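Colleague: Build out the structure end to end from the sequences listed, making use of the hints.
2 protein chains.
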Amino acid sequence: MITRQQQKAARKRAAEAIRQAGVKITDEEANSIEVVDFGLNQLEREGVQVLTLVQTERISVKVLVLFPNQTEPEHWHPPVEDDPGKEETVRVVAGSVYFFTSGEDTFQEGFMVEGKAHCYSMRHEIILKPSEQITLAPGEKHWFQAHDEGAVMYSFSTIARDALDQFTDPNIERITRIVK
Amino acid sequence: MITRQQQKAARKRAAEAIRQAGVKITDEEANSIEVVDFGLNQLEREGVQVLTLVQTERISVKVLVLFPNQTEPEHWHPPVEDDPGKEETVRVVAGSVYFFTSGEDTFQEGFMVEGKAHCYSMRHEIILKPSEQITLAPGEKHWFQAHDEGAVMYSFSTIARDALDQFTDPNIERITRIVK
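Residue numbers (the numbering used here), protein chains in the order written: chain U, 296 to 475; chain Y, 296 to 475.
Do not rely on the hints blindly, as some may be mistaken.
Copies of the same chain are indistinguishable here, so a pair counts whether it falls within one copy or spans any two.
Said to hold, decoys possible - Subject to a maximum C-alpha distance of 25 Å in a straight line, what follows is the list of computed SDA-like cross-link-like pairs (lysine to any residue): (1) 319 x 421; (2) 307 x 450; (3) 436 x 407; (4) 411 x 466; (5) 303 x 427; (6) 424 x 370; (7) 436 x 351; (8) 424 x 351; (9) 303 x 443; (10) 411 x 364; (11) 424 x 322; (12) 436 x 404; (13) 411 x 442; (14) 424 x 326; (15) 319 x 350; (16) 424 x 314; (17) 475 x 337; (18) 475 x 426; (19) 319 x 349; (20) 319 x 415; (21) 319 x 442; (22) 307 x 412; (23) 319 x 308; (24) 424 x 334; (25) 475 x 386; (26) 475 x 462.
Quick caveat, the hints were computed from the structure, so don't treat them as lab data. For clarity, every value in this text was computed on a predicted model and none was experimentally measured.
Modeller: Printed below as a string of structure tokens:
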């Protein structure tokens, strides 16, 4: 959970990062940024900030912000009814993104979240710089992180059903509780 | 049709407009920009420049560039087999875009392409500024244009099958022939 005050501060910081990256957004959009701590209560270490630009029954477009040294936990997008699961292309706009997917263990530049190695099983490292992108097939496990400079990305995908995403860490709750 | 030289010049101009708008693209992407004259041989009046960032069986993401006072002809995205047709959100990044869709005739700020009124039947005007967007349902007829400053937009959509798009103007060929 996070407090209203934490939510407000993280939103402001994320909106600034988005605008500094040259992505134009309205004030209304800036105020709608979702601050996600995955129920782990350590937002600065494990979390993500999400601005949804488009959300229809077929398409989703988001801007994702990682603060410096923040990691988005390992997860995958399962099939839902007729949908084989979310297909997603992540394209970097600012900063470097350290991406981990299935495949040969090439873990080198990334860092492990302290004490959480059992929650991050994918160790195939792909480093993406601005204007580089990766497409993830439905169901493909992945996690990603920013280093000292933080990062801003687009996520272009089929319909997003975030609440149904699955995570390696059993303690995760996708819907962040906001208190006070 | 356009010549190789025209294609090259238009690509360069479009890449510059995209980068000036703050959208980061690779040189390889810049060199892949599609210059489309719709077979009408008046690119500066009726045409569009298209950079495809993502194209899968489910999703398409493009950057569209309109040169000053260029108009993209009226068209729609028909059903294809199981697909009800392309659903598309256009989001403006730079410049103003004059959008025309079905609905009450509110044509006011836009201009008609000289001698082509019979090819532009939609007269419901929606003016979009940077960070504003519109979502078009499958099959919805639309056309759009830039004025003196030109425009850069994102197009986020379900799978694009450009060659199957339908146009009001019977003289249009969607696939531009490049000569010499």
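Colleague: Work down the list of hints and note, for each, if the structure agrees.
Modeller: Results for each hint:
1. 319 x 421: Only across copies: residue 319 and residue 421 sit 20 Å apart there, 27 Å inside one copy, limit 25 Å.
2. 307 x 450: within (20 Å within a copy, 27 Å between copies)
3. 436 x 407: within (16 Å within a copy, 51 Å between copies)
4. 411 x 466: Within. Shortest intra-copy distance 11 Å satisfies the 25 Å Cα cut-off; inter-copy 62 Å does not.
5. 303 x 427: between (30 Å within a copy, 24 Å between copies)
6. 424 x 370: within (22 Å within a copy, 36 Å between copies)
7. 436 x 351: both (24 Å within a copy, 19 Å between copies)
8. 424 x 351: between (29 Å within a copy, 22 Å between copies)
9. 303 x 443: within (22 Å within a copy, 40 Å between copies)
10. 411 x 364: Within one copy only: 15 Å inside, 56 Å across.
11. 424 x 322: between (27 Å within a copy, 14 Å between copies)
12. 436 x 404: within (19 Å within a copy, 49 Å between copies)
13. 411 x 442: within (17 Å within a copy, 55 Å between copies)
14. 424 x 326: Only across copies: residue 424 and residue 326 sit 19 Å apart there, 27 Å inside one copy, limit 25 Å.
15. 319 x 350: both (18 Å within a copy, 23 Å between copies)
16. 424 x 314: both (18 Å within a copy, 16 Å between copies)
17. 475 x 337: Close inside one copy (17 Å), not across copies (61 Å); limit 25 Å.
18. 475 x 426: neither (39 Å within a copy, 32 Å between copies)
19. 319 x 349: both (14 Å within a copy, 20 Å between copies)
20. 319 x 415: neither (33 Å within a copy, 31 Å between copies)
21. 319 x 442: both (24 Å within a copy, 20 Å between copies)
22. 307 x 412: neither (31 Å within a copy, 47 Å between copies)
23. 319 x 308: Answer is both; intra-copy 15 Å and inter-copy 22 Å each pass.
24. 424 x 334: Classified as neither: same-chain Cα gap 29 Å, cross-chain 38 Å, threshold 25 Å.
25. 475 x 386: neither (35 Å within a copy, 36 Å between copies)
26. 475 x 462: neither (27 Å within a copy, 55 Å between copies)
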